[in-house]
Amino acid sequence: MSECGVMSENMPMLLTESLDPAQRELTHQHIESCAACASEWSAMKETWQILETLPTVEVPARVKQRFLAEISAASAVPANVVPFRRRSAARWLAEAAAVVIVGGSAFYAGHRTTPRIDLTPADARVTAIQPYSIAESRVLPAASISPTIEGRPDIENVQFSDASPSNQQIGVSFDITSHVTVTGKPTDKSMVRLLRYVMENEDKMSPSRSRAIDWVRATYSRVDNPDPEITEALANVLRNDEHQGVRIKAADTLQSMQSAMTDGTRDALVEALKNDPNPAVRVKAVEALAKLARSGAVLDPDMVDTLRKKAAQGDENVYVRVKAAEALSSIQPR
Amino acid sequence: MKHLSDEELMSIVQAGDFSPASELYDRYSGRIYNFAYRFLRNSESAEDATQEVFMKMIKHANQFHGDARFSTWLLAITGNLCRDYLRKAENKMKKEGEDVLITLPAPAERSPHRNLERQEDKKMNEKIIQEALMLLPPDQREVVLLSRFQGLTYAEIAQVAGCSEAAVKAKAFRAMDLMKKAFAGDSRGGDQCLNVV
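In order, the protein sequence lines correspond to chains A and B.
FYI, in this note's numbering the residues of the first sequence are 5 to 338.
FYI, in this note's numbering the residues of the second sequence are 63 to 259.
Derived by calculation from the structure, the hints in this document are not laboratory data.
Check the hints yourself; a few may be wrong.
To be verified - Derived list of chain B stretches under chain A, where covered just means 3 residues or more per stretch with a C-beta under 8 Å from a C-beta of chain A:
1. 103-117
2. 144-157
3. 201-211
Unchecked claim - Below, computed lysine-lysine pairings styled on PhoX-like, alpha-carbon distance capped at 25 Å:
4. A:K49 <-> A:K278
5. A:K68 <-> B:K64
6. B:K189 <-> A:K295
7. A:K68 <-> B:K121
8. B:K243 <-> B:K231
9. A:K49 <-> B:K189
10. B:K243 <-> A:K49
Owing to the predicted nature of the structure, the values given are computational and were not obtained by experimental measurement.
Quick reminder that beta carbons are idealized off the backbone N, C-alpha and C, glycines included.
Only chain A is shown next, with the shape it has when bound in the complex:
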C-alpha cells in the first residue's frame, strides 16, 4: 500500500483521536506535505462534522410505559417461591387502624375543604401565592417551610450553624436536588427567562442544550409574536457556543422565528456569515438572511455589504455564495 493509502486509513482514527501519538504526528506531517491527502483529510473532517448535526430523537413515552408494564407482569410471576409467613395479629390491627384513619381523614378533609374553596374569593387565593424564585442559593425562615417533606429528596453537603446567643436561631444548610416542573404559556416572561437561561448556560445545562433548542424551535415557531428574548438567547448561542452543531441549530431556529428578530439577532446572523469557521453554520446564517430578504424586511447597509462580499468571494462555499446572491436579488428597494 502506498504511503498515501496508509495515511488515508489512519484518518478515521485521527477523527476519533484514537491514533497513538507517534502515528498521529506522522499522519499530520504527511497531510501537511501532501496536497491530495490534505484535500482528503479536509473532506473527511467535514463529513465527520456534518454527521454531528444529525438531531437527537426523543424516545416516545409509551416505550417506557410498555417496558414498566412488562416488568410488572414479569415480577408477578416470581422465579423463586417466597415462603409464606403469617403476619402477627398486632400488624393486622395496626393496618386496619391505618385504613380507618386514612379513609376517615380523607372523608373529613373532603367535606370540610370543598365549601371553603367555593367561598374563597379568587383574588385572595392569587395574592396568597408566593413567587418561587429559581435561585442558586437562598435563606429561608423555618416558618416559611412546610413541615411536610415531600418524597425523598437527595440532600447533600449538610452544614449546621449553632444557635446565635442574640436570637437563639439555628441554621441547617444543604444542597438539594429536586425536580421542578414549571408550567405556563410560551409568552409568560418567567417561562421565556427560564428557557433563555437553559439555552445560554452551556456549563449548567444537562443533558443537552441542543435538545432544548429543538424544542424551542418546535414550540415558538407556532407562537404569534414570540418574545424577542428567545431570539436574543439564540443569537448569543450562535455567537458564543463552541459546538458547531449547536450553532447550526441556533441559526436554523432563528430562521423559523423571523417575526421576533431584533437588530441584535440580525447582527448575530451577519457575524456568523462573516466569521463562523464552520461552513454549515454560514449556510444556515445566509439562509436565514435570504429568507428575511424574501419576506420584504429592510436590510441595513452592513448586511447588504456582507451579502455582496459573500456572493463574490471566490473561496467561499458555493451554496453560501448562491444564497447570498439570492438574498441580494430579493432585497426590496427602499
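Position chain B relative to chain A; hints supplied.
Coordinates of chain B only, in the frame set by chain A:
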C-alpha cells in the same frame, strides 16, 4: 437511586429486585433508541428494539460482569437485536417479496446535491445524512453510529460488534470514504459543503 452507579444498580437487579429498572431506563433509553432508530430507520422497530433491550437487561442481568462499561453492554444487546431485525426483514423480503424494514430512497432521490438544489426544507439536512447512512452496509453503519454518536472507542465497538479492532478500523475507513463520496455526489474536487449540507 440517582446517586447509585450503573454497576450498583445492576447488582440490585442481579439480586432479583427490579426497582432500579426505571432509573436505568431513564439513563440510557435515549442513547439506545437513537442508535436503533438510526440503524434501522424505522421508529416502530426502534421502539420495539428499545423495549426489548431493557427487558433483556433485566432477564440477562447476571451476564453483566462489569468487565465492560454498562453502556457498552447495553449497546451490544442493541446491536445484536438490530442486526436480527435487519436479517429478518431481508429474509421476509426474499421469501414474500414484501417491503423490507428499511425503504431505501429511490435512485432519483439519492443525490443529495440535486435535493439541495430543489429544496430548502430545514429537514433536508437530516434526511440527507440519514440517506447517506442508509447507503452504508449495516456493519459499516453500525461502526459510524457507535463511533460518531455513541462515542465508543474502536476497541469498544469491536466488543459490541463481535469482531476484531482491526476489522472495525477497516470498516470505519470504508464507511467514511463512502459517506464522503455520497455527500460529494462522488465528484472529487467539488465544493464539499455544498453537497453535504
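**Report entry** Violated hints, by number in ascending order, as checked against the structure
**Finding:** 2
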